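K.L.:
In order, the protein sequences belong to chains X and P.
Here my numbering is used: position 92 in the first sequence is 92, and no number is missing along the way.
Here my numbering is used: position 151 in the second sequence is 151, and no number is missing along the way.
Each hint should be verified, as a subset may be incorrect.
[As the list claims (entries may be wrong)] Simulated restraints, written as ranges between beta carbons of each label pair:
(1) X:80 x P:188: 54 to 64 Å
(2) X:159 x P:77: 23 to 33 Å
(3) X:68 x P:177: 53 to 63 Å
(4) P:135 x X:91: 34 to 44 Å
(5) X:80 x P:101: 49 to 59 Å
(6) X:298 x P:185: 53 to 63 Å
(7) X:290 x P:54: 27 to 37 Å
(8) X:194 x P:135: 28 to 38 Å
(9) P:274 x X:119: 21 to 31 Å
(10) X:220 x P:219: 48 to 58 Å
(11) X:91 x P:138: 27 to 37 Å
(12) P:177 x X:87: 51 to 61 Å
Since the hints were made in silico from the structure, they are not lab data.
As the structure is a prediction and not an experimental result, all values here were calculated from the model.
Just so it is clear, CB atoms sit at the ideal spot from N, CA and C, and this is done for glycine as well.
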Amino acid sequence: MTQAELTRNPTRSGPTRPRKEHRAGWRVAWIFVLPFLFFYILFLIYPALQVAYLSLTNSDIAGQGSLIGLSNYAELLHDKEFWASVEHTVYFVILTVVPNTAVGFFFALLVVRLRRLRLPVLSAFFLPFILPVSVVTTGALWILDANFGIVNSLTGSTTAWFSDPTWAMPGVALVTIWWTVGFNMLLFIAGLQNIPSDYYEAAALDGANGLQRFLFITCPLVWPVASLVLVLQLIAQFKIFDQVYLLTGGGPYNSTMVVLFYMYREAFQQGRGGYASAVALVLVLIITVVSAVQYRLLRFRR
Amino acid sequence: MRETTSSVFGKIVSALTVLMALAWLFPVYWIAATAFKSETQTISVPPSLFPSPPTLDAFTYVIQNSPIFRWYLNTVIVSVVVTFCSILFSLMCGFAISRLEFKGKSLVYGLLLIGFMLPFSAMAIPLFMFMNKLNFVNNYAGVILPQIAAPLSVVVFKQFFDQVPRDFADAARIDGASELRILFSIYLPLNWSIAWALAIVTFIATWNNFFWPFIVTNSTNMLTIPVGMTQVQSAYGIAFAKTSAIAVLASLPTAAAYLMFQKRVTQGVMAAAGLK
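For reference, chain X alone in the conformation it holds in the complex (with noise of 0.2 Å):
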């Protein structure tokens, strides 16, 4: 995109436009971007600032309270559980990121490299992405059920992997990391075949050997992918609920009590509105930093 737009905008920032566009446009131009703005606005901007104001009030969950200024952030700083969510997060996003995003390179690697075989492999990796989150960890719970799992009655393991606090977080990023790497593939494949052949051509006529042309063109020439990838996965990962939610119900002894499940037991089962306001709030900065700082670092090392 960026490149046609370049090669483009001298035309299109020419000094005089044509004035017949300018006047038929103003109306006609806002008809086509209303019905978009009016939803996007009333369900994602409206929502967004209201979040900031509830969270400086006392409100239940039907929006009724009144003004009680940081006190909820006060709370917050000395909430051992919201801090406890705060680390089991930080641990899923730990567990998660970098496996996915190094898992599904790998499988990129070995997908560009087939011919005939490649669209079969390409959609069995990428088949459980499109499986509702329900359905996957209904085979999850199956699959690794502690009696007759069949992970378990084939290796004569007894771990129950849900209901131990080790291994019950690991456990959910297994699942998504099995769920979600289709995706993180399909950017590499993507990146990958971006790569021109020459390139390797040329290396190889330089004498260069697989594992030198992989480490000084294929390394370098995939990172701008590469990052782009890891900036995704930390926004998903940090917002991990689901899963959660449909495996552990947060438990065994909150262990896996993330930030969002926190939120959504404060506001809809302790109704506490307000509270949970902050929560969300706090997630949200926590997101915005984070990939930023992410995306910085990444871009300078490029």
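Got chain X; can you put chain P on it based on the hints?
P.N.:
Just chain P, lined up with the frame of chain X:
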């Protein structure tokens, strides 16, 4: 990298790749196989790899003992309406931003970009309160309306429209075509493939969406399939064939859509991630 495929080493790697792909698919196979087993066979030791004999008992039980058809209907209505409105509005907005001049354009575009940073799930509380006030909790409007605005689709359409030569639109304008006409008989046909791709991806994503329907519905009759199936499971207790059967039924439409339109899905996913 291509030439390695011919060597012996390359053949081994290819074979290992296929094995890995099969292993990756095994859970999918296992759910499907379990759905065709009898409950007693599911917990047999050692586990049997194939349903023998295959039985439809689990499916018939699920169909007779859960409102699964109602959930199918709900999910179809929600996904179709969301996909249609979302694609139509994104097309129009993307076209306006790409091809029309108007006051406030940069403001609209800026708002769009802010939207990328707002996680939908963090807005659940005010959205729920809002829906509650409008009496939209537990009805289609409540499930559908918040899912319609898709800033990502707008940006993708804008990028694709940017690449259509401006002369096309100018020529049509001189011939007296309206902007709506220009969008639907020039710009859309030139970009059919990305429009289809986004439509299919939107459909699959809406069908699979768990979080929002889960928040805004709780009466059995209004659930979508991904939410409804989890309720049935807790009611069944240990009943692996039945829970697998309902999982198979829940994922059939999206799996079929993917297998039929593989290329489009791939294209849509990549476009949404900012790669073409």
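K.L.:
Now, for every hint given, state plainly whether the structure supports it.
P.N.:
How the hints compare with the structure:
no.	hint	verdict
1	X:80 x P:188: 54 to 64 Å	55 Å, holds
2	X:159 x P:77: 23 to 33 Å	42 Å, violated
3	X:68 x P:177: 53 to 63 Å	58 Å, holds
4	P:135 x X:91: 34 to 44 Å	41 Å, holds
5	X:80 x P:101: 49 to 59 Å	55 Å, holds
6	X:298 x P:185: 53 to 63 Å	43 Å, violated
7	X:290 x P:54: 27 to 37 Å	49 Å, violated
8	X:194 x P:135: 28 to 38 Å	51 Å, violated
9	P:274 x X:119: 21 to 31 Å	24 Å, holds
10	X:220 x P:219: 48 to 58 Å	55 Å, holds
11	X:91 x P:138: 27 to 37 Å	36 Å, holds
12	P:177 x X:87: 51 to 61 Å	60 Å, holds
Checked against the numbered hints given earlier, the structure breaks hints 2, 6, 7, 8 and satisfies all the rest.
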